[in-house]
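Number of protein chains: 2
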Amino acid sequence: MTEINLDNLDDFIRGTAVLGTGGGGDPYIGSLMLRQELEKCGSIQLINPKDAPDDMLAVSVACMGAPTVFVEKIPNTKTAIEGMRRSEKEIGRKFNAVIPLEAGGLNATLPLAVAARLGLPVVDGDGMGRAFPEFQMTTFNFSGVRCAPFVMSDDFGNTVVIDTDDASRAESYGRPVCVKMGGIAQIASYAMTGEEIRRCTVPRTVTLALEIGRTLREARIKGEQNTAEALISYFKISKPPRFSRTLFDGKVEDVLRESSDGWVRGQVNLVNDAGNVMDIPFQNEYSRASFDGKTVAINPDLIMILDRETGEAITTETLRYGQRVRVLGVAAVPIMRTSEALKVIGPRAFGMDEDFCPIENIAWNGID
Amino acid sequence: MTEINLDNLDDFIRGTAVLGTGGGGDPYIGSLMLRQELEKCGSIQLINPKDAPDDMLAVSVACMGAPTVFVEKIPNTKTAIEGMRRSEKEIGRKFNAVIPLEAGGLNATLPLAVAARLGLPVVDGDGMGRAFPEFQMTTFNFSGVRCAPFVMSDDFGNTVVIDTDDASRAESYGRPVCVKMGGIAQIASYAMTGEEIRRCTVPRTVTLALEIGRTLREARIKGEQNTAEALISYFKISKPPRFSRTLFDGKVEDVLRESSDGWVRGQVNLVNDAGNVMDIPFQNEYSRASFDGKTVAINPDLIMILDRETGEAITTETLRYGQRVRVLGVAAVPIMRTSEALKVIGPRAFGMDEDFCPIENIAWNGID
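Top to bottom, those sequences are chains A and B.
Going left to right, the first sequence walks through residues 5 to 372 as this note's numbering numbers them.
Going left to right, the second sequence walks through residues 5 to 372 as this note's numbering numbers them.
Check the hints yourself; a few may be wrong.
All copies of an identical chain are treated as equivalent in the list; a pair is satisfied when it fits inside any one copy or across any two copies.
To be verified - With a straight-line cut-off of 27 Å between C-alpha atoms, the simulated DSS-like cross-links for lysine-lysine are:
no.	residue 1	residue 2
1	K54	K44
2	K243	K347
3	K184	K347
4	K184	K77
5	K82	K240
6	K54	K98
Derived by calculation from the structure, the hints in this document are not laboratory data.
If you're wondering where the values come from, they're calculated on a predicted model, not measured in any experiment.
This is chain A alone, in the form it adopts within the complex (with noise of 0.2 Å):
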């Protein structure tokens, strides 16, 4: 697959809401936002990172905030792409691709609308192998890209650049801004070149996206009763294969949600008819998930509420008590869990008090 087109654009939008592992906003806007663009372009290019060229300049465009928001006042491509006029500005070259920041909801999207507006190419691949709540949460960061020039863009033509080799004090700095622009703020950041592209990425997140959203449209054609045993399938031949698990199979009992200092946080409480519980608590993602009081998943493993009847992603801002849901959990990637990774997107930087285990580490006495 070389391509994102209308033909396959439904099978990427549920693929990215999966991969938003909770965050990210709704898939809907996503959706709509990119239809009107492939529309008019036909179809958006996708470069493998290995493949990228020396002389490639790519940049992220991102929403900044919190998905709450989004879905009320939703991301702008023309405002993203002043943002990234402002950047290239700034670093005295034009960009020649775009790079997604997330591989997971709404800014799994918005660089390919960016990018289909332009006529650039897309990187298939991204800084985070999934969703995460802050800025400097990147494969990008910690494998050395500079974030800055981290350019915020609102609505009315403002502009608020962020000149810092710092990427937690960009987003220190960047987050009560974002507050302040209404809790959504275009970004440009993390401008790479073909040499960081190709050592820096999490590859083939936006190929991955649209497998795993193939893989549920057939799960549900064929019938099949169980969608999340479907991806437990294709998990095991991705590339690379990754290990996953249903951790849970239940109701919402409880969700506890709050939008403060530019994010959504709070927890869902599952129940199984077995009188089990599971906890989530969230940052704009899934960060762990607690079988019965025991860690069975946690950050930067990937934690995934599913419908249980058609499989589709159950966003944090979308969690309501009742929803019958099943909770996968997936291995990250090797380039995730590094010790340098952990410091940043390990349990510890969303302050939960203990260490990352990997996911197929721990011992398993749930109900699979």
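On the provided structure of chain A, position chain B as indicated by the hints.
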């Protein structure tokens, strides 16, 4: 008087503290900063705004934040110059003068320290004619000078550039960044041409600070008991003459003070021997003086709290129980009282539900 030098430095600093109208931080810090520079360069040249040549390009340098923070995390000339250089890069021209944003407090001193370091002249005027807590509250803004590029710099070499036509928005985006920078940021903003300097400045406020400081010193040398009276006599003959009045003579009974959101806010309550009370709320600076519940002076007119013995200004962060004080009210100059001005620096801009009434028109049955 056409220069600031080591001989008149103490008078100048004393005057800026008075014009700080409660805000602007401990004048001692500004005094140390400026003394250090003057010991190297000898003197700083002042330029009357009406003599600003067309080819002049001046920049305002200032600190943003709560004065309670300034006394612990001291403003830094080097950081201010870095911000100024970043602004020059943005504009594509070098600055050949510095213009104070405020006439009072540290922000009246910092621009002179920067100018001394760089060998640049300083415009004898400013954008507030006193101190105000927010960055849109300047004659520059409501006379049509663009605030952007609004450059913020911290002590670690990081910069944030806000590009907007709306000074209130620059304030709104910049304030939380200032908090994240540690409660203080150095700002370079309101780049102004000679034409704009001639048209949009409160003139001769560096000289005004000097003359206020000299008046207080001379009154003390002469052994005058009431230094506030000496100031009132001076304001009758200042250029231009300004109405002024003693509003209260009493002691501090209570202080409520909170540093939050990048400001220091609160209220001081005074009481006199006859049992009258005066309440003065503040947001960095004193906003209103009420005598037994009746407003007797209000923004943008100037309210000063002076030590009863020495006549030295008392800033909001040094207010404490039991201080014996005199409160002075001084009329703002006409450029600060136009209808355009009052929208930005009148009572309602500070959340007070009353209209501006010039201090000289307020019926007076007080204690002077």
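Against the structure, test the hints numbered earlier, and report the numbers of the ones violated in rising order. 1, 5
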